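**Student:** Next come the chains, spelled out residue by residue.
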Amino acid sequence: MSSSATDFLSRLTDVPVATRLAAAIDLMAQAFPTRTAIVEQAGSDQRRTIAYGLLAANVKAVEQQLAAQRPRGVVARQREIDALVATVAACGRQQVPLAVVADDSRDLVGALQNWAVLDDGLQLSAGPTGIGSHAEHRREEAFDPASAQVVVATSGTSGPPKLVEHSWDSLLAAARLSEQWHGLSWLLVYDATRWAGTQVWLQALLTAGTLVVPASRAPDCVARAIVEEDVSILPATPTLLRRLLTSAESGLLSKMKLERITLGGEATDAQLLAKTQAAFPGVKVTHVYATTELGEVFRVTDGRAGFPAEWLGKTLPGGVRLTTRRDGELLVQLSRDTAEVATGDLVERRNDRYEFTGRRSDVIVVGGAKVYPRRVEDILRGVSGIADARVYGLPSAITGELVAAQIVLADPLPAEATPESIRAAALTTCRTALEPHSTPRLLDFVKHLMVNTSGKIPRHSSRL
Amino acid sequence: MNASLLLAVRKAILTVLHDTGRSAQAVESDHLLASDIGLDSLDLAQAIVLLERELACDPFRSAGSSPTLRMRTVGDLVTLYEAALSPTAATLPPVLDH
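Chains A and B supply the protein sequences, listed in that same order.
The numbering used here runs 2 ahead of the 1-based position in the first sequence.
The numbering used here runs 61 ahead of the 1-based position in the second sequence.
Derived from the structure by calculation, the hints contain no laboratory data.
One should not assume that every hint holds.
Label-pair distances were calculated between CB atoms; the ranges are [said to hold, decoys possible]: (1) Ala117/B - Ala311/A: 49 to 55 Å; (2) Ala117/B - Val367/A: 23 to 29 Å; (3) Ala117/B - Gln43/A: 37 to 43 Å; (4) Leu415/A - Asp137/B: 40 to 46 Å; (5) Leu314/A - Ala117/B: 48 to 54 Å; (6) Lys372/A - Glu115/B: 27 to 33 Å; (7) Arg114/B - Asn454/A: 21 to 27 Å; (8) Thr303/A - Asp137/B: 55 to 61 Å.
All figures in this text were calculated on a predicted structure; none of them were measured in a lab.
Where is the CB? At the ideal position from N, CA and C, for every residue including glycine.
Chain A with its partners taken away, still in its complex shape (with noise of 0.2 Å):
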């Protein structure tokens, strides 16, 4: 395996960095044509495979409609991984400009005037406004469609989605094309349209890999892809992450063979981390802190919350500088001749590190004083019998805004604990270790926390 994987490797990185989705899934089409590339519904009955030979086919299917008509650009509007891939590799082979738009994002493809088309049955089809030809370039005011390579929709945790563009070498800059990657198995728990998905489906068939697509994010169908499908590395959000930890069946745990966990999205914390080593013994776990629109900025892989404190500063191996404002906000210089740019993350010095402590949006001010919510549900998560907390401001006409809390119980519940009980043990727990102002005032159990497509649990403040 290891010489074929250095062929392939050799052969990948020959080819034009557009170009390489297609190659690498053509390369296995023809050394491996019935080896699976990606496992649909996983862990559920209704469980397909997609096969390298069948992919590559697909592809070509595409690039044929592609090379006849010359669309002046195409929407992905698949819901089907393999149709996106398929949809993906073939615009950059022949170099159309390509928009990959999740569903709540639908409305922003307005803005690409006179781009074609394509769903899950691969048709090429005119969309809303008809398609243009490649050779009609007119440019648009939010952004430049027509020399754009790559559009993706941002996620919106900090407001309304928008369209970032990016070239084929911003988006494949963070695949990692060596032997160490090759032939493994990746879960994808991200939305594949989101440019989080679209880093694990990349990296995964780039280098001849499984991409293992779970039926549901509910955890016991997440473990049980993760078991049935030997997955080894796990690209998860900490909210998804802890999910799979408190929720799913202790059983499956411990059958996990992952080698690797990547965790991205949000902020991780040390008590995350902490159950995870205890969890998967000897697993690395690494933290990606990345934006849509800046891409992958820094990787942490010594196992630990936040990052180091030298790296403040000072000028990082691949170019990054990071400062923060005076108010703690994160900036990211990705190279000499980039600007600076805001972050919206706030972190804190502790010791000898630098910890994420929210978003600047998630601030939630009650009476002028503000509360970081992540320091109160890292508390609450604390308590014996709490499996997950989410903390989020609640209008209120009297302090503007109230600590409110969500909370799902551990299953089972600590010996001789009732729920009452663990409410009463949180409400101290955090009057002694908080200021009043920041104590949730609202504390409700709920059978799950509200996540959203992106992974992530949503911060906006909710009324009731």
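Given chain A's structure and the hints, the job is docking chain B onto it.
**Tutor:** Same frame as chain A, now just chain B:
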């Protein structure tokens, strides 16, 4: 004074006292919210949210009324809900931010 509203207000205030680790005490309509019962603005904000859940009504969000001016006693609070829940309250501007 509406007895069931007084009960609801009393229950909300007792929950606030309980949740914040204070002991239960008598809550009568002539008691001053701040100096007799010891409620601060956070306590009051919590009581309002609890009452909204109980009564499906938040008089503080009915634009046009300026309820904070006359809210010194438990009875003031009850009167406020009485007004907001009475049929004539329909003449108030509708609640906008649901």
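**Student:** Against this structure, judge whether each hint is valid.
**Tutor:** Against the structure, the hints:
For alanine 117/B paired with alanine 311/A, a C-beta distance near 50 Å keeps the hint of 49 to 55 Å intact. The hinted window of 23 to 29 Å between alanine 117/B and valine 367/A holds, with their beta carbons roughly 26 Å apart. For alanine 117/B and glutamine 43/A, the Cβ-Cβ distance of about 42 Å falls inside the hinted range of 37 to 43 Å, so the restraint holds. For leucine 415/A paired with aspartate 137/B, a C-beta distance near 42 Å keeps the hint of 40 to 46 Å intact.
Remark: the range hint 48 to 54 Å for leucine 314/A to alanine 117/B is upheld by a beta-carbon distance near 50 Å. At about 30 Å, the CB distance of lysine 372/A to glutamate 115/B agrees with the hint of 27 to 33 Å. In this structure the supplied range 21 to 27 Å holds for arginine 114/B paired with asparagine 454/A, their Cβ-Cβ distance being about 25 Å. Separation of threonine 303/A from aspartate 137/B is about 60 Å and conforms to the stated range, judged on CB atoms against 55 to 61 Å.
Going down the numbered hints, you'll see the structure goes against none, and every one checks out.
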